[in-house]
Amino acid sequence: MLELICQQRYRVGGVPVDLSPYRNHGSPTDAPGQFASELGHDVIRFPDTDSLVWIPLGGLGAWAPLVALRVEVTARLDPQASLELALVEGDGAFLFYVNQRFLAASLGGDYLRAAEPVPANRWTKLVLDHDGFAKIRLFMDGKLVAEKLASGGVPSVQGSGVAIGNRLSGGQPLKGEIDEVAIWRLDPNEMRREFLCRPFTAATARCWENLIVALREWIAAHPAQASSLVQILQKQLNELVRGLYLLPAADQASARTHLNELAKLWCAGNITGHRMSEALQHWSKDIRQWGLPDPGGAAAEIQSLLSSLDVSKLTLECDPAAIALLQRIYATVTAASGGAH
Amino acid sequence: MGSPADAATLANSFEPILLFHQDEAFFPLDPKWYLERCALWKTAPPFADKTKWAQPPVIAKGTIAANNGAAEVAGGKTWIGTPGQDFGVGPLPVGQQPPPDEEHFLEFVGWEPVAVPPVTATTDNRHAALDPAEYLVPLQGSQAWYYVEYLDNNDLLDYTGNPNVSAGGLNLYSLVASNPKLNAPRMLLYHFLYPLHQETLEGCEDVLQGRLFGTYAGEWTCIALLIDGSPILADAKPLFVGLTSRNTSSPIVAPDHKIGMTVFNWTDADSVPDASGGTHPKIYVSLDTHGEYLHPGTPTVTPFWPGGVDPARSSCGQVEGLDGEIAQDITIPGTPDTPGRDPNAVIAVAKIFAGLLAGSPFGGYIGAAAGAAAGLEWATAEGAFGSFGATGTPATLVLPKANPTDQTGGPNFGRILRPKGLDFPEAHQALSVDDWNVRTYTAPAPDGRAYTYIVNRANQVWWAPRPTPRPGKPDLPNPDGFSGRWGPRVTNDPNIRRAGMKCPDFALMFLEALAVKLQMP
Chain A
13 MLELICQQRY RVGGVPVDLS PYRNHGSPTD APGQFASELG HDVIRFPDTD
63 SLVWIPLGGL GAWAPLVALR VEVTARLDPQ ASLELALVEG DGAFLFYVNQ
113 RFLAASLGGD YLRAAEPVPA NRWTKLVLDH DGFAKIRLFM DGKLVAEKLA
163 SGGVPSVQGS GVAIGNRLSG GQPLKGEIDE VAIWRLDPNE MRREFLCRPF
213 TAATARCWEN LIVALREWIA AHPAQASSLV QILQKQLNEL VRGLYLLPAA
263 DQASARTHLN ELAKLWCAGN ITGHRMSEAL QHWSKDIRQW GLPDPGGAAA
313 EIQSLLSSLD VSKLTLECDP AAIALLQRIY ATVTAASGGA H
Chain B
-5 MGSPADAATL ANSFEPILLF HQDEAFFPLD PKWYLERCAL WKTAPPFADK
45 TKWAQPPVIA KGTIAANNGA AEVAGGKTWI GTPGQDFGVG PLPVGQQPPP
95 DEEHFLEFVG WEPVAVPPVT ATTDNRHAAL DPAEYLVPLQ GSQAWYYVEY
145 LDNNDLLDYT GNPNVSAGGL NLYSLVASNP KLNAPRMLLY HFLYPLHQET
195 LEGCEDVLQG RLFGTYAGEW TCIALLIDGS PILADAKPLF VGLTSRNTSS
245 PIVAPDHKIG MTVFNWTDAD SVPDASGGTH PKIYVSLDTH GEYLHPGTPT
295 VTPFWPGGVD PARSSCGQVE GLDGEIAQDI TIPGTPDTPG RDPNAVIAVA
345 KIFAGLLAGS PFGGYIGAAA GAAAGLEWAT AEGAFGSFGA TGTPATLVLP
395 KANPTDQTGG PNFGRILRPK GLDFPEAHQA LSVDDWNVRT YTAPAPDGRA
445 YTYIVNRANQ VWWAPRPTPR PGKPDLPNPD GFSGRWGPRV TNDPNIRRAG
495 MKCPDFALMF LEALAVKLQM P
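From first to last, the protein sequence lines are chains A and B.
Heads up: the first sequence begins at 13 in my numbering, then just goes up one per residue.
Heads up: the second sequence begins at -5 in my numbering, then just goes up one per residue.
Keep in mind that the hints were calculated from the coordinates and are not lab data.
Please note that a few of the clues may not be correct.
[Claimed, not checked] FRET-style restraints, in silico, Cβ to Cβ:
(1) B:Pro111 - A:Ser320: 41 to 51 Å
(2) B:Pro40 - A:Asp90: 41 to 51 Å
(3) A:Ser172 - B:Asp125: 47 to 57 Å
(4) A:Ser172 - B:Ala115: 47 to 57 Å
(5) B:Asp95 - A:Ser320: 45 to 55 Å
(6) A:Thr327 - B:Gln16: 42 to 52 Å
(7) A:Ser320 - B:Gln79: 46 to 56 Å
(8) A:Lys160 - B:Gln91: 39 to 49 Å
(9) A:Asp263 - B:Gln16: 53 to 63 Å
For every residue, glycine included, the Cβ atom is placed at its ideal position computed from N, Cα and C.
In isolation and in its complexed conformation, chain A is listed as follows (with noise of 0.2 Å):
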């Protein structure tokens, strides 16, 4: 699920002002309003080499983790515009660009190029989109004009920030006009919420509470193993989720459904009954059936990492229905894939 972490309009003189609760409203240099008479209403213009709207990394977190990107851009590029014209950078994470009037885009080590022009003297929806995990696309008005494979996620933005129309050192000015620039990235806290939706009782969230005080001691004391635990969990994780977005459209939408079930059921506090079971099955057998990679792979380098782990001082006992859903998950996985674990 994304999240807008950025909405700039410029409807009062050019001013940009972010709609996004992040506040990301950034201060132009040498970028005036214009009245687009087309639109009803003002837009930003950068004119000059050095124009641009510079956003800094504030300190909300907007710009840190991204993992997944969304940047839509609807401009008007002049017919005499030079041929590189920068739409949005992120210091050191991506660059949104038109690459001699081809739709382009840079994040890490990944380029990849539209085969057909951006037109000229109209607005139009310029797109890019990194899934954060498998796929790269860009898309004018709606319509796919490149795709590639990733190599990995969109890195954090660094210390120098955004620009929105010039390269942040500037000499690539959008010869046009923006009407607005909308930024999404991967909602980082996706998971806590869904984590914490299920209804815990005061006793279960104490559990989960000590539970975590521990781990977090654990990491102190333990920062190499963390380390590499973590790294082993993102492993298996992008490998998953990367080999779930290359899945055909049909069987996307079916491995979704399986997901949102399980959550829901989460959430229902509905966790050790028949439909968990039966919602259990249907996402190992997802897994299986795909060739995706096996989440429980690395338990085995897991268990090697956390022997360190003095589990006579913690327990579980507190919250028996995770026993009976961590049961539960071990005999899917178990039956699916024929007592391999």
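Position chain B relative to chain A; hints supplied.
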């Protein structure tokens, strides 16, 4: 600042009608009156730890003087702005202050249950005093009140010309103060202070944490007007009205923002004309939370800051401590953005831990390796949901209601506060109708002291300070102001949810909300 006479004229012309719910127990009162009946406490980090609350209070209850002067401090009172004293009064706003190593708060009625002395090793101090009955005696002698602040166009230009005013680079000077379409606008702010804000998670009334989830003492609200620059004051017309309501976003991204503001066209308000050419908007005030609305009903409350609706509300607030642990900064070497918040990593590793526990010999169920595998499956499934499968916040969240709402009065009302003698249909559907009697008060001779209701930041140090003016620039001055809380700190409050509120800079809040409003079709 704009002339006090003009402020009074405009305040009178557009004085709002406040319509309260039948069950409402608290009404706006005079902040000066309130301040002088409070104790001032000082704390050190961690601020929610009551052992850090210095005892006795730095100014004892009932001995604060809000204003300076020999007559004000007579009888052993202490002016809160006394130079050289550490009372939380200074020139820098919170955003310009270094990370605080101390904090001040006001205490009016105390904590629940009310005790004497109020803070000991055995007192609870987890909530501000909650029972309206506990406020009856302390509130005796108070009357419904507001303070009005007026910035004429020159003030607005000077205020918004200072780039330190607005975070994020928002150019309020061009957007509002010098916007030709707004005709040299002026701003009028009605400040309201309520003794208690009561905020329950809907559907969780029977669960203690849910019932008291966002309840705190000392709540500020505001009604803000942007008025055109007609040269003749009597011809001036409001263009926009800004109304405050509670903020429901997750405090882990932007803590300590208890309210936000939404701006509406003035013409959207249902206003009642008076015989003198004034016109008065009907403002429906929500029960307990004191959100302000142009229409009666059950308006949905929306987050004003990032993070979406606060997940700590789940399970009737019983997961607040757990969420606090998940959302704390974490340092994992070699991972990006560390140290920093990485709730996904924390949750995923917690599931691995859980798997191990379920599978360990101590759990005795499935074996440690099997448990780790199950935990890993669980963590990746949830990660896949967040990264790939989520089609929206799960719709099955039952408690509390997924989309919180406020509740105004109507068609029947409790108390209505109105401009003197103004008649309108709702006045006949109310339990009581009181005229505002907000006015400059002059004490009988020989005392002769005058008390105004017009904000004068140079003399009234209880307002929060504004950004420092730039040297040599015509920025608005920033006289000393009080940065503390208007209600007590409480224990077990990691998200500053139940601590008293700091008085925001409502001028900035209004201008930022107006900037967004001006972008709408």
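For each hint, the structure was consulted:
1. B:Pro111 - A:Ser320: 41 to 51 Å: The hint (41 to 51 Å, Cβ to Cβ) holds, given that B:Pro111 and A:Ser320 are roughly 47 Å apart.
2. B:Pro40 - A:Asp90: 41 to 51 Å: Since B:Pro40 and A:Asp90 have Cβ atoms about 57 Å apart, the given range 41 to 51 Å is violated.
3. A:Ser172 - B:Asp125: 47 to 57 Å: holds, 54 Å
4. A:Ser172 - B:Ala115: 47 to 57 Å: holds, 52 Å
5. B:Asp95 - A:Ser320: 45 to 55 Å: violated, 37 Å
6. A:Thr327 - B:Gln16: 42 to 52 Å: With Cβ atoms ~50 Å apart, the hint holds.
7. A:Ser320 - B:Gln79: 46 to 56 Å: holds, 53 Å
8. A:Lys160 - B:Gln91: 39 to 49 Å: holds, 48 Å
9. A:Asp263 - B:Gln16: 53 to 63 Å: holds, 56 Å
Against the hints set out earlier in the document, violations occur for numbers 2 and 5.
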